[in-house]
Amino acid sequence: MPLLELKNIKKSFDSNVIIKDLSLTVEKGEVIVILGPSGCGKSTLLRCINGLETIESGEIFLDGEVISNRTKDMHLIRQKIGMVFQSYDLFPHLSVMKNLLLGPKHAHEMNFNIEQVQKEAEMWLDRVGLADKKNAYPRQLSGGQKQRVAIVRMLCMHPEVMLFDEVTAALDPEMVREVLDVMMNLANDKKTMLIVTHQMQFARAVADKIVFMDAGEIVEISTPEEFWTNPKTERAKKFLSNFEFESRHH
Amino acid sequence: MLSSDASVNMLDAIREAFGVLTMGTNTLRLLGGLWVTVWIALVSVAFSIVLGFLFGMLMTVKNRVVKTVCRIYLEFMRIMPQMVLLFLAYYGLTRMFSISLSGEAASILVFTLWGTAEMGDLVRGALESVPNHQYESGRAIGLTERQIFFYIIIPQTLRPLLPLSMNLITRMIKTTSLVVFVGVIEVVKIGQQIIEANRLTVPTASIAVYFVIFMMYFFVCWILSLAARAVERSQKR
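Which chain is which? The protein sequence lines are F and L, in order. Positions 7 to 256 (our numbering) are the ones given, in order, by the first sequence. Positions 2 to 238 (our numbering) are the ones given, in order, by the second sequence.
Calculated directly from the structure, the hints in this document are not laboratory data. We put the beta carbon where it would ideally sit given N, CA and C, even for glycine. Treat the hints with caution; some may be incorrect.
[To be verified] From the structure, some residues in chain L lie toward chain F, with a derived Cβ separation under 7 Å:
| hint | residue |
| --- | --- |
| 1 | Arg140 |
| 2 | Ala141 |
| 3 | Ile142 |
Isolated chain F (complex conformation) (with noise of 0.2 Å):
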């Protein structure tokens, strides 16, 4: 049994279809990279997933569970599910390891350890280089470090499944190699991932899949390998000549 899956999802925003007749397994441990251009609906599927928006049909399986379009326990499953997203939103009233310990703390029916979860989330932010930063607040970070520090707050609640939204679109060039690179690492330990990002390289580097989006919909799926030397559609063929220019000195 996959551990999520989209059966036949459609979205729209009054009468703009963003994803339409979307289906998609994810095994465990598995790293699934979806790419496309702006606005092809990647953004919102992920949004779907973690039920921040709803689905007009279809349905969102998580360990053979329908997880979609739940209103009374949406938290509960939320919390096997982490999101990071592209504006670095950590809690600017609360010190670093307080922004940890938020929602282990709160979780309802997961009888968290905070003692054992703190040690945890310090393990975490040495392994994220942030160990001198658990008492610092958010606005003594840099946009990297808050990346960083996000990611580890969905690690502390354990997630099932994790998703990454442009994680590294709102930083500064220099930063954003920091924030893959812990990324990388959650691959390499078998954590199941789902992400989007414009980082080509990186999405090369780090996924199992690639998941290629265009127009609401998935045009193809590939190994990476696949996908940049020999991609099977038009349409992916001239999303990758995006991202390459012939050089003027022939």
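Mind docking chain L on chain F? Use the hints.
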């Protein structure tokens, strides 16, 4: 230039004027009056903060009818002079519904209704200034809407609210001088009584009495702003 004679006379006059304050229990009476002022203000402020938070939350509700009703209430409270409201509460209620409130009760009622409206608008502004992705990242770590509100949103409204509500509170304290019109004996009224009682013997008493009243208002508001600054600093850490 004043001749040295004239300046001696003036000093004497001032000394005499302040002498009024040492007569009998005058200073104690003024302090008692100040207490009435501060008591009415603090009770109204306490109610206004609690009710203002609820009112502010109500104002952010999406329902259009609720929004309109809130808006009308807020504008009514802002447009009506506080004195008119006081008269409405003190005389109007008695005439129309035979509800007879004491001067203090009518004052607290009016200042609470007014303070709730103003505080509510401040709370609304603070709530709306919290960016939407704060709610979303709360959801993303599995918090319920209620937990998000209490642990993430409300704490973030406190910092911008603090200086604004301090401003409102000092305005409320100063406006309590109106309660004299519904028969409450507060600090300004007692000052006037002292001036009247000494009109013939010490005609200059008003200078000293009003100076002391000025200092009293100043100290009350100053202590508040010191407290606010201390809280603000402790939040900043």
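Hint-by-hint comparison with the structure:
1. Arg140: holds, 6 Å
2. Ala141: holds, 4 Å
3. Ile142: holds, 3 Å
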